[in-house]
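Assemble the whole structure, with the sequences as input and the hints as a guide.
Protein chains: 2
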Amino acid sequence: MAKEITPRSEDYSQWYIDIVKKAQLAENSAVRGCMVIKPYGYAIWENMQAQLDRMFKETGHKNAYFPLFIPKSFLSKEAEHVEGFAKECAVVTHHRLMNDPNGKGVVVDPDARLEEELIVRPTSETIIWNTYRDWIQSYRDLPLLINQWANVVRWEMRTRLFLRTAEFLWQEGHTAHATREEAIEEARLMQRVYAQFAEEWMAMPVLRGVKTANERFAGAEETYTIEALMQDGKALQAGTSHFLGQNFAKAFDVKFLNEQNQEAYVWATSWGVSTRLIGGLVMTHSDDNGLVLPPKLAPVKVVIVPIPKPRPEIDEVAHRLMRELQERGLTVEYDTDMKKRPGFKFAEHEMRGIPVRLGIGMRDLEKHQVEVARRDTGEKTFVPIEGVVDHVIALLDDIQHNLFQRALKFREEHTTRVDTFDEFKEVLETKGGFVLAHWDGTTETELRIKELTKATIRCIPNDVEEEPGKCILTGKPSKYRVVFAKAY
Amino acid sequence: MAKEITPRSEDYSQWYIDIVKKAQLAENSAVRGCMVIKPYGYAIWENMQAQLDRMFKETGHKNAYFPLFIPKSFLSKEAEHVEGFAKECAVVTHHRLMNDPNGKGVVVDPDARLEEELIVRPTSETIIWNTYRDWIQSYRDLPLLINQWANVVRWEMRTRLFLRTAEFLWQEGHTAHATREEAIEEARLMQRVYAQFAEEWMAMPVLRGVKTANERFAGAEETYTIEALMQDGKALQAGTSHFLGQNFAKAFDVKFLNEQNQEAYVWATSWGVSTRLIGGLVMTHSDDNGLVLPPKLAPVKVVIVPIPKPRPEIDEVAHRLMRELQERGLTVEYDTDMKKRPGFKFAEHEMRGIPVRLGIGMRDLEKHQVEVARRDTGEKTFVPIEGVVDHVIALLDDIQHNLFQRALKFREEHTTRVDTFDEFKEVLETKGGFVLAHWDGTTETELRIKELTKATIRCIPNDVEEEPGKCILTGKPSKYRVVFAKAY
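Taken in order, these protein sequences are the chains called A and B. Quick note: the first sequence uses the numbering used here, first residue 858, plus one each step. Quick note: the second sequence uses the numbering used here, first residue 858, plus one each step.
Keep in mind the hints are simulated off the structure, nothing from the lab. Careful, some of the hints might be misleading.
Covered stretches of chain A (chain B as the covering partner; in silico rule of three or more C-beta atoms under 8 Å from a C-beta of chain B) [said to hold, decoys possible]:
no.	stretch
1	887-894
2	949-957
3	1145-1151
Far from chain B by the CB rule (all over 10 Å, computed), these chain A residues [as the list claims (entries may be wrong)]:
no.	residue
4	Thr863
5	Gln908
6	Phe923
7	Ser933
8	Leu975
9	Glu1038
10	Ala1204
11	Asp1254
12	Leu1304
13	Tyr1337
Note that CB positions come from ideal geometry on N, CA and C, so glycine has one too.
Structure, rendered in structure tokens:
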């Protein structure tokens, strides 16, 4: 089974697609650009959702649901937003089908044309701020801290499972505040929440920073981002949190009476992560044997395999271990399939990224031990049966930790400081990764560098240190280094 | 606040809308027929989802996600299905907007017309069975037990919050089986799961039965339904589970090799409940003071009100009770608003349907007691502080039980056996409710009765007793009584 995966070193893109398909995470559908998220992939998303939802609620947010459709005119109300989002989108023009008068099947009923076209939401700022106008009258209605779990559609020409699809699942937070400072603090808070989720749950280290004006969300005054590094040296924008200023409040006339009884426009944020994170998860940890999952997000934590097949003595121990592991809150499978050999099963479970595998054979039982294999390193050890539950619990923690450390080490090895444009190009062409370089701060230079190298500025790090230098392209003065990379 | 609700007796429809709006459950949006589900309404939906999801998983189902869009041609593949679902729907015809060459705003780009129109899913049988063709090859791939949580769109001309909206949220289960018997058993199992959820969690008694041919889901061989009775004597179809036979397997060519190595079409079911349940919840239990919620689904179980306002001695007791109740797994609010009087707060909390209210005043503290008010009956008692946590836990159980019993009693009082068409009409016009009557079994008679009385056959009960009789309209022989009612 593993043999069917294209090695990473040979063709990284194909390796990625092979894993997504063979680990049964997702597949393309009959509808261009839309994917089917299969049960195993969806189970990972459910685990992500559950934890993110807890974190959102712990920080005071509530969930709500807004319409799928946005009237076309709403998109035009915020000048920059329309440029960014009103282009490639799904447009609903009619509300009825009829039997084809010329034959079989159904056709669009020309009499059922909508007065105003509806856009399938590419993001919901406009419809939500149009709603907030009625919800917000006074400072007592603020802050308004709302999140939505939803599907959105952006008509993409080139799609890739999870990373870029026409329809995807996400959450979008939309908050309203009385002051600029409070809104900025909210946007930063959610950047921290995302970073914590990425690092502690996905075991995926991320850089925290702000986007340049050119890379900002359409309609934002500041975009806070978390940026991860994939194993091919390309960056992945993993989550963004936007300080929207008063742009949407002005576009949708959302004012409030402040404590001094004066009317003022409301300050806004929005923030989102999507099923794209699953793509990031795959590309951060997996290997040529298949998926590797951090235990905290793995739908199945432990699989038990009877060697070479089930028999009463083995079943008894397997069931006892299962029960004890389940009592500790772990999802466990016992693979009793009689038609597959252990080696084939091992390959299957490795493909699915199950963090820990327990092998139990008759000889093991005689020695009162089971074989414990960890997916991240492939290492195998024999552990006395009495201690195996505690051993597995500790091992899962260790795998979670090891995956993060391994990814962090990879990132450190693939983060390079350069001072000349030649070095810059060479690093991008050879090892890739994050490149820390001086930039003169202009969009013109940023775009020119992108044109010449395909690298973009991923972020200006939150903790950037002042360090006078010269722009790698123009030689103009620069106050600090920014982070460049080629990106997904 | 409560005064703003139209009394049930005066105008039931307006009473319902008043409660949905004033309890902040939902509101109409700027998009025709689409609602905004507000945080409090969404919190109820989250509680429903969580429990239903547990029940689906306990019965072996897994979640997945399929595309929002369905190619137009898919809808035509199952003959009856297209009649039922390909009429009023949202049709995507274009994938791009452009700046209006004649002025401001954006217009549909005429060059971005889709080759084939896409329909926003009104239900997903077609796209899912098109996918299952690749997932199912042999009996070893069966049964396939999948559920999806999603939004769907049916273009409704007359909408009502939760009960009938163009977009709504739901779950749709889609299962595939090797045999007819197994598929029927699955469809019946899900009817039982829905009935159990309605009765044990929503405290809403339901009749279990099958639909007549005329009322069946478009494409089903049998539709199992649960039917609830609202306080105005009208029925609400609360959930349906369909045995689809081999209709979709044949339409989408889904065959499998059975254990005898013979090729055969797969047997199917589908089943769903939606945000409509929230409408049913409101209409089953609420009263002229606002929402009444069964404790198991209430987002906030207990509210504590300081009388007349917070002060250190009261705060101390309130915080202790809060902590103790929270440790028992209950969501509790302490209403410390200084600007509202207790009476106003009481009305607000009643409007929101919080099951239990604790009032704490200085005189109560002197007597080492708090006042406990239950939302369902309005009854108030004084309870010693030491015993209040256990008392509240028992009271919540009692409220849950009482709401079910009260609704059951209402249904029993509004279930009438009639033997003549005059009686039938009189009962419908006076007390409404479920009417048990003989029917000759023909669609013609069923439609004629509907035309004359607006009553439809809600179901033929699962446990129907054989009882020879004569059809109330035609006098033709009938083997058992069926359940008629006017319905939402």
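Going down the list of hints, with the structure as the test:
no. : hint      : in the structure
1   : 887-894   : holds (count 6)
2   : 949-957   : holds (count 7)
3   : 1145-1151 : violated (count 0)
4   : Thr863    : 21 Å, holds
5   : Gln908    : 15 Å, holds
6   : Phe923    : 5 Å, violated
7   : Ser933    : 4 Å, violated
8   : Leu975    : 7 Å, violated
9   : Glu1038   : 25 Å, holds
10  : Ala1204   : 18 Å, holds
11  : Asp1254   : 26 Å, holds
12  : Leu1304   : 22 Å, holds
13  : Tyr1337   : 38 Å, holds
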